[in-house]
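Given the coordinates of chain B, work out where chain R should sit on it, guided by the hints.
Sequences listed follow chains B and R, in order. First residue of the first sequence: 1, per the numbering used here; consecutive thereafter. First residue of the second sequence: 1, per the numbering used here; consecutive thereafter.
Calculated from the structure, these hints are not laboratory results.
Label pairs and their calculated CB-CB ranges:
(1) B:ARG366 <-> R:ALA40: 40 to 46 Å
(2) B:ALA82 <-> R:ALA40: 40 to 46 Å
(3) R:LEU64 <-> B:ALA89: 56 to 62 Å
(4) B:ALA89 <-> R:LEU60: 58 to 64 Å
(5) B:GLY375 <-> R:ASP13: 24 to 30 Å
(6) R:ALA33 <-> B:PRO200: 57 to 63 Å
Think of the CB as a built atom: it goes at the ideal place given N, C-alpha and C, for glycine as much as any other residue.
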Amino acid sequence: MNTPSPESAHRLGLTALLVTAFALPLAFLTNTYDSTAIKFTLLQWGALTMAFAWLWQGVSRGRFQVSVSSWSVLLPALAYGAWMIVRLATAPHALASFPGFLSQLIMLVSFLAAFLEFSGARSASRFALLTVSSCAIVCLYGLAQALGLDPLLWKGAFGSGPLGARVFSTLGNPPLCASFIAVAVPVALTFALDPDTPRPLRLGALITAPLAVFVAILTGSAPGMAAVAVSCLPYALILPSTLRTRAALKSAGLALLLATIAGAASFTLEARGRQTWSYTNRFRAAMVGAELRMLAERPLVGLGPGSFSVHFPRFRPADIIRLQGAHSSLVETPELPALGVAVELGAVGAALWLWMFAAALSVGARGARALRRAGATAESVYAAGFTAAAAGGLAASHLVFSQSPGAQGWLLWPLAGMASGLAPLACRRAAVSVYPLPISEDIRRALYAPGLLGLAALTIIPGLWLRSQVDLNTAIYYAKTGRYDEALSRLERAYPGSPNYCLSIYFRGNVLAAQNKHKEALAAYELLQTHAPDFILVHALKGRSHALLGDWTAAADERARQARLDPLDMANLVAWSEAARAAGRLDQARAAAAQAEALDADDPRVRLQIAANNLIERRLATQDQRRRHNGRNVAKKPR
Amino acid sequence: MIMNCHAAQAVFDLHAEGRLTPRRAKSVDAHLASCARCRALSAPTVSPVKPASPDFKARLAAALKSKTAAAARAEPPIEERLWPRDLSSVAVAALALTLLAVCIGWSGVPSQWDAGNDELAAGRIP
Numbered sequence: 001m002n003t004p005s006p007e008s009a010h011r012l013g014l015t016a017l018l019v020t021a022f023a024l025p026l027a028f029l030t031n032t033y034d035s036t037a038i039k040f041t042l043l044q045w046g047a048l049t050m051a052f053a054w055l056w057q058g059v060s061r062g063r064f065q066v067s068v069s070s071w072s073v074l075l076p077a078l079a080y081g082a083w084m085i086v087r088l089a090t091a092p093h094a095l096a097s098f099p100g101f102l103s104q105l106i107m108l109v110s111f112l113a114a115f116l117e118f119s120g121a122r123s124a125s126r127f128a129l130l131t132v133s134s135c136a137i138v139c140l141y142g143l144a145q146a147l148g149l150d151p152l153l154w155k156g157a158f159g160s161g162p163l164g165a166r167v168f169s170t171l172g173n174p175p176l177c178a179s180f181i182a183v184a185v186p187v188a189l190t191f192a193l194d195p196d197t198p199r200p201l202r203l204g205a206l207i208t209a210p211l212a213v214f215v216a217i218l219t220g221s222a223p224g225m226a227a228v229a230v231s232c233l234p235y236a237l238i239l240p241s242t243l244r245t246r247a248a249l250k251s252a253g254l255a256l257l258l259a260t261i262a263g264a265a266s267f268t269l270e271a272r273g274r275q276t277w278s279y280t281n282r283f284r285a286a287m288v289g290a291e292l293r294m295l296a297e298r299p300l301v302g303l304g305p306g307s308f309s310v311h312f313p314r315f316r317p318a319d320i321i322r323l324q325g326a327h328s329s330l331v332e333t334p335e336l337p338a339l340g341v342a343v344e345l346g347a348v349g350a351a352l353w354l355w356m357f358a359a360a361l362s363v364g365a366r367g368a369r370a371l372r373r374a375g376a377t378a379e380s381v382y383a384a385g386f387t388a389a390a391a392g393g394l395a396a397s398h399l400v401f402s403q404s405p406g407a408q409g410w411l412l413w414p415l416a417g418m419a420s421g422l423a424p425l426a427c428r429r430a431a432v433s434v435y436p437l438p439i440s441e442d443i444r445r446a447l448y449a450p451g452l453l454g455l456a457a458l459t460i461i462p463g464l465w466l467r468s469q470v471d472l473n474t475a476i477y478y479a480k481t482g483r484y485d486e487a488l489s490r491l492e493r494a495y496p497g498s499p500n501y502c503l504s505i506y507f508r509g510n511v512l513a514a515q516n517k518h519k520e521a522l523a524a525y526e527l528l529q530t531h532a533p534d535f536i537l538v539h540a541l542k543g544r545s546h547a548l549l550g551d552w553t554a555a556a557d558e559r560a561r562q563a564r565l566d567p568l569d570m571a572n573l574v575a576w577s578e579a580a581r582a583a584g585r586l587d588q589a590r591a592a593a594a595q596a597e598a599l600d601a602d603d604p605r606v607r608l609q610i611a612a613n614n615l616i617e618r619r620l621a622t623q624d625q626r627r628r629h630n631g632r633n634v635a636k637k638p639r
Numbered sequence: 001m002i003m004n005c006h007a008a009q010a011v012f013d014l015h016a017e018g019r020l021t022p023r024r025a026k027s028v029d030a031h032l033a034s035c036a037r038c039r040a041l042s043a044p045t046v047s048p049v050k051p052a053s054p055d056f057k058a059r060l061a062a063a064l065k066s067k068t069a070a071a072a073r074a075e076p077p078i079e080e081r082l083w084p085r086d087l088s089s090v091a092v093a094a095l096a097l098t099l100l101a102v103c104i105g106w107s108g109v110p111s112q113w114d115a116g117n118d119e120l121a122a123g124r125i126p
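Chain B on its own, in the form it takes in the complex (with noise of 0.2 Å):
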């Protein structure tokens, strides 16, 4: 067998590092429960063979090695990835969480990927253009959608904005298509400082940076254009000052005059109050102190990595139940990313995850002028650039809203990793940590079949997961239109693992409730609770079926376990009150209608419930005052 060579690794990792960048923002699939869902499987196929190609070439040579001056960046990285493990394996909900820690996983491979391995003028500057070319075909298509040209089923989806439909192009909402843009125009302004690339090349980004600003604008959301001003300031502070020349002046001062433009339209749209609820100052507040208190139950080593959704519905405040106006809220992101690296790994994963940017991006800056003194241009200038990207892209992650999901959050792990793998080439003969594997060349050949298979199982596990997610849209599609056993079918079909694994588990109930198979449902919900305890309304689902199958402690139980994580919900405080007079709690019952007439005196159901325990009460007092007087009869009857 042939065995590859280690630049023929190195030319495949790299071409996936750049097919992700290229297809990440662009790629969705309407088939899917979730739009996200193609998104993370092209994650997680590019981080895979990313990994792959690093393995294979190390392999290839009989060696791993960096540069020692590597270490800053490398340990804390390291470290940080050891500890998502660690905690992993040890926290509980391991399955629930795993799609979130998976996620966090990915954003570490692409920012080793791009640290050790494909660092370098020529690698960064087709990443930057394979970036600049999918922000510019974004662009492209919001355009259209503004001018009601979309072609597909979701034209006008949320929507009129300042000029024609809200634009959301391929990202999924109009905040998140911002939020990409707000890290693609620094990127794209950076290539076209690149003095080594074709002139018609730079040009195209020049042009793209200011339409893309414009296209941010045309999504009509005041934090996407926020961010998009807040990303591109620490560009216009980075570039003149490491690389010292009248053309990075130039290109600060083109980023200052389109930071002002974004940050004038957010101003001008958030006084007409044109916001979505979730992007709300009053949201960010209300999800922080949550995530305080979240924080305040296990300060040092947090809750496990991913595992935010699934401890978040024990500490969501009314306030943001108010927000939301539903109770069926299923995917919670932490805002501020570092202090949600803090809700999940602790204290301890936080102060890793800060010392890994801030050795990064201190890194990238200092190479930057380094390599700027060593004549290094364009290695110079992307230093700088990316560094600056990825520090607006952090900086408006934290001062806005979260970009930690999709594209956006994506981009600003191997821009990081390249701005950072690129200062040790200031100094090419520099000493390295080398890593020689013990092995005969033969022994190492012997591997390349079994890894090239492994690498093919592995990269099966996403298709199958994206299958799960077909699936469930599927079954939901089914149950929708009363085809509740080919629902069952699909739903039985998803894989453990899957990032809507617990969801299929909770529409199985569901669905089996709909079929009045209430004990099947219940055992559903049993086995959904085993991986998430709290998941959406898990507990009033349970309490109905209890109630149906004639047990109303238990149905009395999980009402008021749900009326504790929810107490908004109007419905379950009314069943709550039945249930609890049906157990013979009438105490309980009496709470719960009086939470529920708190909240709508009105309402014909609570003055019903009222009602009703008045009604029992008067019984049980007659009932009372007759045994009490037949007593008292008995006592006096003469012998």
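Only chain R this time, still in chain B's reference frame:
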């Protein structure tokens, strides 16, 4: 740290360039001291370099200058490009990926997800 022959041979080039960390270089030296076969293999790359004569730098500079001038006269300058002259392959790949993404997006059952009004999530189906 004790190295075997395979591990030692994998780092001979870095050892010769003096780029190994002192600890790693020491372990390579220890292995070379105990292994005649590796010593023989590494000999051409790790043999001590003869000290240069005092006028070496001047002679090298003169030789380089004359070679460069001769080469400049003989051949047109070769521009080292970061990008291939023909960018059509990049454009075709980008177009193919975009078409693929649009085709995938166009097909299939529309998403059933409606966060604001999800009857199934609330357990109210049908």
